[in-house]
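Residue-level listing of the chains:
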Amino acid sequence: MLQTILPILLFAALALAILGAAKRFSMWRRGRPSQVDWIGGLLKMPRRYLVDLHHVVERDKYMSKTHVATAGGFVLAALLAILVHGFGLHSRILGFALLAATVCMFTGALFVAKRRRNPPPRLSKGPWMRLPKSLLMFSVSFFIATLPVAGILPAEFGGWVLAGILSLGIAWGVSEMFFGMTWGGPMKHAFAGALHLAWHRRSERFSRKDGRGGRSTGLKALDLDDPKAPLGVEKPTDFTWNQLLGFDACVQCGKCEAMCPAFAAGQPLNPKKLIQDMVIGLAGGSDAKFAGSPYPGKPLGEHSGGPHQPIVSLQGKALVDAETLWSCTTCRACVEECPMMIEHVDAIVDMRRHLTLEKGSTPNKGAEVLENLIATDNPGGFAPGGRLNWAADLNLPILAEQGHTDILFWVGDGAFDMRNQRTLRAFVKILKASGVDFAVLGLEERDSGDVARRLGDEATFQQLAKRNIATLDKYQFHTIVTCDPHSFHVLKNEYGALGGDYEVLHHSTYIERLMKAGVLQLGQHKGGSVTYHDPCYLGRYNGEYEAPRAVLKAIGIEVKEMARSGFRSRCCGGGGGAPITDIPGKQRIPDMRMEDIKETGAELVAVGCPQCTVMLEGVVEPRPQIKDIAELVAEVLIESEAPAKKPAARRELAEVQ
Amino acid sequence: MAELNVVALVSIGAHPASGRPRRAEQDARAVELGLGLKHVKLDVVHAGDPQEDALRAYLGMGLSALTVLEQTHETDALPALAEHLQMANAHLVLTGGQAETGEGSGMLPYLLAERLGWPLIAGLAEIEHIENGSAQVLQALPRGQRRRLKVRLPFVASVDQAAPAPRQSAFGPARRGMLTREEVELVDDPLYATAQWQPARPRPKRLKVIKAKTGAERMKAATAKASGGGGQVLAGVSPRDGAEAIFKLLHDEGVIR
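For the protein sequence lines, the chains are F and X, in the order given. According to the UniProt record's numbering, the first sequence is numbered sequentially starting from 1. According to the UniProt record's numbering, the second sequence is numbered sequentially starting from 1.
Since the hints were made in silico from the structure, they are not lab data. There are no misleading hints in this set.
Simulated crosslink set (SDA-like; lysine to any residue; CA at most 20 Å straight-line):
| id | chain 1 | residue 1 | chain 2 | residue 2 |
| --- | --- | --- | --- | --- |
| 1 | F | LYS429 | F | GLY523 |
| 2 | F | LYS365 | X | PRO16 |
| 3 | F | LYS228 | X | GLY177 |
| 4 | F | LYS466 | X | ARG175 |
| 5 | F | LYS228 | X | ARG56 |
| 6 | F | LYS228 | X | LEU179 |
| 7 | F | LYS432 | F | THR479 |
| 8 | F | LYS365 | X | PRO164 |
| 9 | F | LYS627 | F | ALA602 |
| 10 | F | LYS466 | X | ARG20 |
| 11 | F | LYS228 | X | PRO173 |
| 12 | F | LYS365 | X | HIS15 |
| 13 | F | LYS429 | F | LEU520 |
| 14 | F | LYS365 | X | GLN168 |
| 15 | F | LYS516 | F | GLU639 |
| 16 | F | LYS228 | X | ARG175 |
| 17 | F | LYS365 | X | GLU32 |
| 18 | F | LYS228 | X | SER64 |
| 19 | F | LYS365 | X | ALA165 |
| 20 | F | LYS235 | X | PRO173 |
| 21 | F | LYS365 | X | ALA162 |
| 22 | X | LYS38 | F | GLN315 |
| 23 | F | LYS466 | X | ASP53 |
| 24 | F | LYS114 | F | ALA69 |
Using the sequences plus the hints, can you model the full thing?
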């Protein structure tokens with residue numbers, strides 16, 4: 001009897017799954033077009049899954065092993081079950097293989113169930129609590145149903161009672177595992193996730209066999225020349241279709257939520273909820289059934305939306321409140337943690353673009369900063385003529401006067417900030433001591449456009465970028481070096497799309513090179529213990545974790561690492577225009593970071609970013625001192641006496657007539 | 001009453017730090033006041049060069065169109081504006097107090113009101129409501145004081161810093177908005193033929209001698225009303241006596257000779 005019911009159940013579930021897949025696919029395709037490599041992407045998908053995705057999951061060994069057993073067992077079991085029970089290929093070898101697969105899956109499912117017994121708050125509950133039971137049911141039912149095939153039990157063992165029970169179990173199992181996958185159940189993550197890997201909007205972020213690739217962090221440029229192209233995302237259908245597909249891949253593990261500095265600070269943002277809200281927007285409905293942590297301070301059930309409805313309503317409520325989008329510091333901690341390779345920051349900036357470019361509703365100081373950038377090329381609204389005042393006594397070589405240089409020192413807007421000027425002067429001291437050929441743009445330099453772009457003002461960003469590129473095109477130089485990771489990132493990764501390709505280095509990387517070349521005579525750092533704070537735009541955005549530590553080590557500093565350092569470094573709260581939009585929370589992000597710093601017992605924290613310096617120095621004393629790497633190196637610099645100052649030629653006394 | 005025609009006059013501003021063209025701060029406040037009025041038809045008018053990019057910053061506040069009375073730099077804006085306002089059947093004209101570029105004399109609202117024969121409110125802070133052909137408005141006075149006025153339409157009003165801050169200018173509407181050109185008769189501004197131009201110098205500031213010794217005295221000095229001292233309240237006098245008293249005062253102060 002089971003032999004007639006099983007194929008019906010299996011093929012019915014598969015047919016429903018295919019129907020659901022087609023429906024889901026057409027939902028994604030409501031989004032804007034995006035070029036993908038359809039076949040090539042699918043072929044690359046296994047590698048992306050086994051290498052890139054596994055690399056992220058592997059950080060949590062428990063979950064990684066559990067997932068390998070469960071998912072591996074399931075995929076194998078499902079394929080074999082279709083052969084054995086669907087097509088009736090009752091071979092003993094296949095039977096034993098299927099038994100092994102179900103045992104593997106069962107073992108994994110037990111660990112899934114264990115994790116679900118007392119789940120951490122970042123995990124979603126609701127239907128996700130049902131999943132381990134479904135997994136167990138699927139594996140156990142198929143195990144027992146396969147025993148006769150393997151010849152362990154007689155064919156008609158148990159009679160119609162067992163057959164009936166098994167049919168029910170298998171019906172439950174295949175409902176969850178086959179068509180639940182495409183009809184929006186928890187297993188949706190497997191179906192959407194696989195296709196998301198295949199047709200990802202940033203295919204260049206995956207590692208390649210030749211060892212290149214593996215990082216893609218620059219924001220995508222808007223087409224401003226086409227007046228019909230939407231300026232950012234107003235409705236869910238304004239996302240590209242593969243972004244919508246990406247939202248659907250979310251497995252609601254909450255790793256993003258656990259790392260998000262805005263969520264921890266009690267600001268109304270939760271990256272996981274945001275992605276789920278986009279899924280609600282994709283399908284239509286309200287967030288009442290969301291089974292995870294809400295946005296801090298925003299109860300569930302009050303927001304709803306649909307594919308063609310605006311995501312943000314400035315009067316009243318829609319799918320997401322504007323302040324949720326403005327809470328993000330664009331630190332990429334969520335993207336870094338996401339095992340499904342979802343691009344939260346892209347989505348947030350896309351929605352910000354609509355709010356700024358179409359609605360003109362950048363909150364708090366946003367409008368003023370953008371206006372300043374347009375009128376004065378710097379966010380503070382300072383007279384552009386004062387850009388080089390910090391170096392009035394340094395006699396810096398100006399690129400316009402010499403036309404070419406080896407090192408172009410990109411000063412950044414920190415030139416207007418008195419605290420940052422100390423860092424800049426320290427770095428100039430190092431450059432001069434090393435004797436390299438360097439120059440600055442001086443008054444020709446403009447803001448890199450970082451803040452404008454993160455605030456969603458793509459028009460101002462592109463204007464600044466194009467003018468900077470036009471300036472840089474006039475001169476010959478080899479490498480750009482900057483003390484500001486934000487300028488570093490924008491020049492290195494975001495100017496390329498607008499026609500500016502440069503070799504750009506962060507000053508910590510460059511100092512390390514100078515040290516290796518042996519052109520710096522350095523003493524040893526004296527003073528207390530030191531910890532190092534990784535800037536987001538240097539670390540997660542550009543993968544530079546080693547050079548700053550190597551520099552500190554070279555001057556005799558043993559870094560006392562914070563619990564959250566390297567790729568897990570916590571943001572200082574200064575990125576993405578967050579200090580400008582200033583969305584209130586329960587505590588401040590820099591205060592939390594200072595707690596991390598204090599836990600190490602360090603008396604000094606080394607930083608490599610003007611924003612981090614400002615944010616951390618804004619924490620009330622007593623607290624560890626904050627110093628830029630350039631300052632620490634300049635302090636121990638032994639300036640060579642080689643080109644000693646010639647005594648000024650004694651002037652002949654002029655005779656007064 | 002039929003729909004109200006509100007006209008906001010705008011000029012090209014200059015950023016104080018960089019001198020780059022921008023939307024003029026006070027004119028943008030005039031537009032903001034106009035946008036805040038319900039059930040009115042807002043027409044934003046500029047007399048000058050329609051090619052000027054800074055005009056788009058006004059469109060970015062959410063205007064679908066902006067009327068440009070096409071003029072050269074050396075032309076007097078006053079006749080063209082006055083004619084346009086009469087043709088457009090304007091009920092309420094909002095302007096900034098003083099332009100950031102060009103002559104910047106701050107005389108335009110006065111000359112315009114004089115030419116049109118309309119009342120002028122200087123330092124408008126808020127329009128409370130408009131009904132039955134007159135408007136109830138708040139005029140800003142020094143030290144945060146307000147004077148409530150009832151004015152018959154049509155009238156001219158120059159806005160004060162106390163008026164609501166202008167909304168952010170957004171790229172999308174700025175790009176979409178239309179600049180409607182209107183040809184006007186060009187009248188040369190005699191000033192440009194005769195006068196010499198030189199950059200304005202900041203007015204010297206009067207030195208403030210603080211005599212107060214305690215915090216309370218300083219507070220009092222900072223918040224006290226400006227007192228004229230020699231003022232005189234005339235009550236219950238005949239119109240003729242009143243007029244004579246005013247005439248005498250103006251004569252004594254050297255306002256009329």
